[in-house]
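Visitor: Residue strings, one per chain:
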Amino acid sequence: MHIPDGFINGATSAGFGVAAAGGLGAAIKQTGRYLSERQVPLAGLVAAFVFAAQMVNFPVSIGVSGHLLGGVLAAVLIGPWAAFVVLSVVLIVQGMVFADGGLSALGLNIFNMGFIGAVGGYAIYRMLLRVMPKDGRGVTLAAGIAAGIAVPLSAMGFLLQYIIGGTTTVATGTVFTALLGTHLLIGIGEGVITALVVGAVVRSRPDLVYGAPDYAGQRTEVLT
Amino acid sequence: MKDRRLFLVGLVVAILVAMVVAQFASSNPDGLEFVAEQEGFAESATDHGLADSPLADYGENLSDNDGVNTAVAGLVGTLLTLAIGYGIFWLARRTNRTSSEVP
Numbered sequence: 001m002h003i004p005d006g007f008i009n010g011a012t013s014a015g016f017g018v019a020a021a022g023g024l025g026a027a028i029k030q031t032g033r034y035l036s037e038r039q040v041p042l043a044g045l046v047a048a049f050v051f052a053a054q055m056v057n058f059p060v061s062i063g064v065s066g067h068l069l070g071g072v073l074a075a076v077l078i079g080p081w082a083a084f085v086v087l088s089v090v091l092i093v094q095g096m097v098f099a100d101g102g103l104s105a106l107g108l109n110i111f112n113m114g115f116i117g118a119v120g121g122y123a124i125y126r127m128l129l130r131v132m133p134k135d136g137r138g139v140t141l142a143a144g145i146a147a148g149i150a151v152p153l154s155a156m157g158f159l160l161q162y163i164i165g166g167t168t169t170v171a172t173g174t175v176f177t178a179l180l181g182t183h184l185l186i187g188i189g190e191g192v193i194t195a196l197v198v199g200a201v202v203r204s205r206p207d208l209v210y211g212a213p214d215y216a217g218q219r220t221e222v223l224t
Numbered sequence: 001m002k003d004r005r006l007f008l009v010g011l012v013v014a015i016l017v018a019m020v021v022a023q024f025a026s027s028n029p030d031g032l033e034f035v036a037e038q039e040g041f042a043e044s045a046t047d048h049g050l051a052d053s054p055l056a057d058y059g060e061n062l063s064d065n066d067g068v069n070t071a072v073a074g075l076v077g078t079l080l081t082l083a084i085g086y087g088i089f090w091l092a093r094r095t096n097r098t099s100s101e102v103p
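Just so you know, the sequences run in chain order A and F.
According to my numbering, the first sequence is numbered sequentially starting from 1.
According to my numbering, the second sequence is numbered sequentially starting from 1.
Among these hints, one or two may not hold up.
[As the list claims (entries may be wrong)] Pairs of lysine to aspartate or glutamate residues, derived as EDC-like cross-links and limited to a Cα-Cα distance of at most 16 Å, are as follows: (1) A:K134 x A:D214; (2) F:K2 x A:D207; (3) F:K2 x A:E37.
Since the hints were made in silico from the structure, they are not lab data.
Between the sequences and the hints, there should be enough to build the whole structure, so can you do that?
Guide: What follows is the structure, encoded as structure tokens:
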């Protein structure tokens, strides 16, 4: 998912870079408003975990792999703005220390994985939460499905950037189909990992989960 | 589970994922790389400016031992991300508190 230098032209990359920098500043400010003192270590830990998990590429089809993006995972645990900060930090470390993801493409990648993946993914999670059973399983399921949808959506972010400023002239229709196909598969892995991690934290410490309603620590049987 | 214990357990899990589980990561191209190769725009990628740095590509230039390279890169990256993330969130929290206390 990490866009290297060269795929998208300089002007487009710079535009997304400016937008990402502004977004990061706003997200840090928003995070300061709602994050409690107790959640600060957890938020740092979520950043470390997303970095670690992104190192693990899992096979999704013959010759194709994918890795966790972690946007919805982070957003459900510590809120969408803190999740945007987490993805930005991870992408900056990857780009500036591990040469993963182009330096000029940082803004493009932050937009796709941080804004669409975390903030957009969290909006999907909130919508799904309404139709889910009102218990911890509902929270887990909504997080997993939202994470699965967020991955192909993030890939569509790249398609948008490619349409605006792609340096090559491949027909966007075929790029769309190929992107959607591979990222639907990667989304399944994203959904499973997200559901496993969110489920584990909701079961042990529902009070620490930003996106979990008060009923998350209860069972359906108790409610009905 | 107490907050501190949860934090330590989480940190150990993250480090194990980066140092150990990452050893078994698939080396096949990821979704975007695969599409770029298939659709013929992979060559438009230019070399990363830091491609020769010691930790580039998760430690590829460190030694001949890929396992060690991945483990070192995983440990350094996880702790570095933790430190930067923790620092930013701590500052965000602190800045907000001070600004709300001063009328």
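Visitor: All hints are to be evaluated individually against the structure, with a verdict given for each.
Guide: Each hint tested on the structure:
no.: 1; hint: A:K134 x A:D214; verdict: holds (10 Å)
no.: 2; hint: F:K2 x A:D207; verdict: holds (12 Å)
no.: 3; hint: F:K2 x A:E37; verdict: holds (15 Å)
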